[in-house]
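Number of protein chains: 2
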Amino acid sequence: MRYTPKSELDQRVAKLQALLKKQDIDGALIIQNADLFYFSGTIQQSHLFIPAEGKPLLMVKNTFERAVEESALDNIVYVDSLREILPTLQSHGFSGFKTLGFELDVLPANLYFRYQELFRPAKVVDASELIRTVRMIKSEYELEILREVNTVQAQLFPYISANISEGMSELKLAAMIEAFYREKGHPGLMRVRGFNTELHQQHVVSGSNTIPSYFWGAVGGRGVGPAYAQGASHKLIGRDEPVLVDIGFNVGGYSLDQTRIFCIGKLADHLTQAYQVAIEIIEQIKQMAKPGVPCGKLHELARQIADASPFANHFTGYPNQLTFCGHGIGLEQDELPVIGYKFKTPLEPGMVFALEPKFTFPDGAVGIENTYLVTQDGLETLTVFDEGIQYV
Amino acid sequence: MRYTPKSELDQRVAKLQALLKKQDIDGALIIQNADLFYFSGTIQQSHLFIPAEGKPLLMVKNTFERAVEESALDNIVYVDSLREILPTLQSHGFSGFKTLGFELDVLPANLYFRYQELFRPAKVVDASELIRTVRMIKSEYELEILREVNTVQAQLFPYISANISEGMSELKLAAMIEAFYREKGHPGLMRVRGFNTELHQQHVVSGSNTIPSYFWGAVGGRGVGPAYAQGASHKLIGRDEPVLVDIGFNVGGYSLDQTRIFCIGKLADHLTQAYQVAIEIIEQIKQMAKPGVPCGKLHELARQIADASPFANHFTGYPNQLTFCGHGIGLEQDELPVIGYKFKTPLEPGMVFALEPKFTFPDGAVGIENTYLVTQDGLETLTVFDEGIQYV
Chain A
1 MRYTPKSELD QRVAKLQALL KKQDIDGALI IQNADLFYFS GTIQQSHLFI PAEGKPLLMV
61 KNTFERAVEE SALDNIVYVD SLREILPTLQ SHGFSGFKTL GFELDVLPAN LYFRYQELFR
121 PAKVVDASEL IRTVRMIKSE YELEILREVN TVQAQLFPYI SANISEGMSE LKLAAMIEAF
181 YREKGHPGLM RVRGFNTELH QQHVVSGSNT IPSYFWGAVG GRGVGPAYAQ GASHKLIGRD
241 EPVLVDIGFN VGGYSLDQTR IFCIGKLADH LTQAYQVAIE IIEQIKQMAK PGVPCGKLHE
301 LARQIADASP FANHFTGYPN QLTFCGHGIG LEQDELPVIG YKFKTPLEPG MVFALEPKFT
361 FPDGAVGIEN TYLVTQDGLE TLTVFDEGIQ YV
Chain B
1 MRYTPKSELD QRVAKLQALL KKQDIDGALI IQNADLFYFS GTIQQSHLFI PAEGKPLLMV
61 KNTFERAVEE SALDNIVYVD SLREILPTLQ SHGFSGFKTL GFELDVLPAN LYFRYQELFR
121 PAKVVDASEL IRTVRMIKSE YELEILREVN TVQAQLFPYI SANISEGMSE LKLAAMIEAF
181 YREKGHPGLM RVRGFNTELH QQHVVSGSNT IPSYFWGAVG GRGVGPAYAQ GASHKLIGRD
241 EPVLVDIGFN VGGYSLDQTR IFCIGKLADH LTQAYQVAIE IIEQIKQMAK PGVPCGKLHE
301 LARQIADASP FANHFTGYPN QLTFCGHGIG LEQDELPVIG YKFKTPLEPG MVFALEPKFT
361 FPDGAVGIEN TYLVTQDGLE TLTVFDEGIQ YV
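Protein sequences appear in the order of chains A and B.
Everything in the first sequence is counted per UniProt numbering, starting at 1 for the first residue and increasing by one.
Everything in the second sequence is counted per UniProt numbering, starting at 1 for the first residue and increasing by one.
Among these hints, one or two may not hold up.
Which copy is meant is left open, so a pair is good if it fits within one copy or across any two.
Here are the computed lysine-lysine pairs in the DSS-like style, where the Cα-Cα straight-line distance is at most 27 Å [stated by the list, open to error]:
hint, residue 1, residue 2
1, 61, 344
2, 266, 61
3, 123, 344
4, 342, 61
5, 21, 297
6, 286, 61
7, 55, 266
8, 55, 290
Calculated directly from the structure, the hints in this document are not laboratory data.
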């Protein structure tokens, strides 16, 4: 078992504390699984209090024993109910709160009302942007894990090439991919932050199954029916059509995001040409992407290259197009930064994001997706694998 | 593709309208995927307005075309942004709201603030209990789907018996099960309503991997690490130990929940004896469970039988025990009713719930889970399959 080291947790907590102080927030109460894991090393059912100054306090309901085993934090106590949280904080010297930060981007309204009541007269404010800002910059420890993700992830594509066949359903291919990953330790779930946002372990669509879906992606897919209306369907994979596989393995909670195109046979010219434009986009973005450049500039460049091609109306979706072509990734699939229209955040070493220039046509979707690390010198590819169309 | 029929949607809407009127709520705005699917037949990104009186209005952002294809509702319009919702409602004759119901049990606080602002001076109240109450009683249409779930679900257990082997990792077995289901059309996701509640497609744990987890279940499991800390792990399946498989197939959005125990070889006496107590519990509950009996009585009876056995301290978890042994199921895994301590809701024909008496020991967990339909005459088993331990 890999446990997050104490030094790592200390650094993360210190970064959040600096932001809390700047905003005059007395402390943050962290509850959501991904954030809880990031700052405490455990997702055992807990409230993690991070004071603007002082040592964090992990208050655990279920299970205390595992939290103690998994978390390297110094102060871990058992707390049975919500009502005990305030007295527990007080008994550890934390009281007289004026402002407390919560994850109001994910905390359900009914729970918000309860916390507001419990901590009255303190003001409950949103700390989610601060938390997501800290999480945006990955540490060496996190990068080590992400590199480990790639060693497994890179084994998948040759496995697909060896096992994909004409007449196989998209669902059968999805099942094979998931089983390949699951046996190697994929948790079987992917965390996403956005409300109502649902992500399957993979996104496998072929040929004409590229209709847009309720999900904000360039490539939709029918899914198995109107109740789960995206991605792989019962459609059979045919010859001479693109099979888009968008996937990420997971190690220690962390994912990379990667897309490759497979084809049994030969692709029509508009698809191979559009694929080349996607390659051109990542190549040119790699030239531009240095620390200090605003994220929005990268999307702008992608958009310009797509607009100058014959496939402008197919970039990031068809008939509707997205206003972004990349997203931060790590413990969740929708982390900061957003590589999208008007996003001003300047690139900074340690940022990790997926870039996914894709072109969607009624007869298929093509494109490439890699996850990149921002370094002092520019982008480093974390999803290292052959970048061409994978012909079978 | 199966689309929810108009008559079905009409009935559901009418039921909610009756409850809205009773509570003096002018209408409900429904956004969350499971609820949206239930009342409109689509999960395309939408706001569904159900007035206390009159026809519902589905306001769709993404994608309009699929919503029109999938939903049998009469009034479907395109709406580009949140700001357009109120004017759109007004232009359809809905205005002067005093009280509006939202799904405040799942709606994130930040979104709640936005809606509150947009609909000022209307009061935003919680309609989630009303929605969940309507969804609690399944229609003939829904029961037809649930029976179809069982025809696939019942194929899984012989497949496991034929393929499980000593030395296979729990993850390998989980991968096999998921692939078996996925190819047949399982969406690859399970919807749960509770905040921070995460459910994998299956729960596969063997022998000693029964330590409690952050999840509210009788049987925990290590999972793949502290970031995803429940269920199947790299542990190898051994001889003479129980392998607990807790799973549900999904058809048209609906799941059943079912648990069976597998064993390669022979189980220790305390495990087979505890299994018999679990069987005794479902048999006795079946005698008691008639319309009108409060749900809590069923749990009370289960608890009494467990307490009278030598395994009282192992019922619904060890060392900590749960205060429920069953839960409603359908589009979500945690629907009403709750078969738990002090729950007063009387049984009613059309309720569907899983009953899962389980006993957890340091060397393994045993028990059984079936999903039952409440009829005028008592319980009907929806998860029809041999109820003994599956020896291999």
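Checking residue 21 and residue 297: alpha-carbon separation at most 27 Å within a copy, between copies, both or neither? Result: close neither inside a copy nor across copies, 31 Å intra and 52 Å inter.
Intra/inter-copy verdict for residue 286 and residue 61 if alpha-carbon distance must be at most 27 Å: neither (47 Å within a copy, 34 Å between copies)
At most 27 Å between CA atoms: does that hold for residue 123 and residue 344 within a copy, between copies, both, or neither? Cα proximity of residue 123 and residue 344: none, with 29 Å in one copy and 36 Å across.
When Cα atoms must be at most 27 Å apart, do residue 266 and residue 61 count as within-copy, between-copy, both, or neither? Neither: 57 Å inside a copy, 36 Å across copies.
How would you classify residue 55 and residue 290 at a CA-CA limit of 27 Å: within, between, both, or neither? For residue 55 and residue 290, neither the intra-copy (36 Å) nor the inter-copy (55 Å) Cα distance is at most 27 Å.
For residue 61 vs residue 344, is the C-alpha pair at or below 27 Å within one copy, between two copies, both, or neither? between (40 Å within a copy, 26 Å between copies)
If the cutoff is 27 Å on CA atoms, where do residue 55 and residue 266 land: within, between, both or neither? Let me know, please. neither (60 Å within a copy, 51 Å between copies)
Are the CA atoms of residue 342 and residue 61 at most 27 Å apart within a copy, between copies, both, or neither? Classified as between: cross-chain Cα gap 21 Å, same-chain 42 Å, threshold 27 Å.
When held up to the earlier numbered hints, the structure conflicts with 2, 3, 5, 6, 7 and 8 and fits the remainder.
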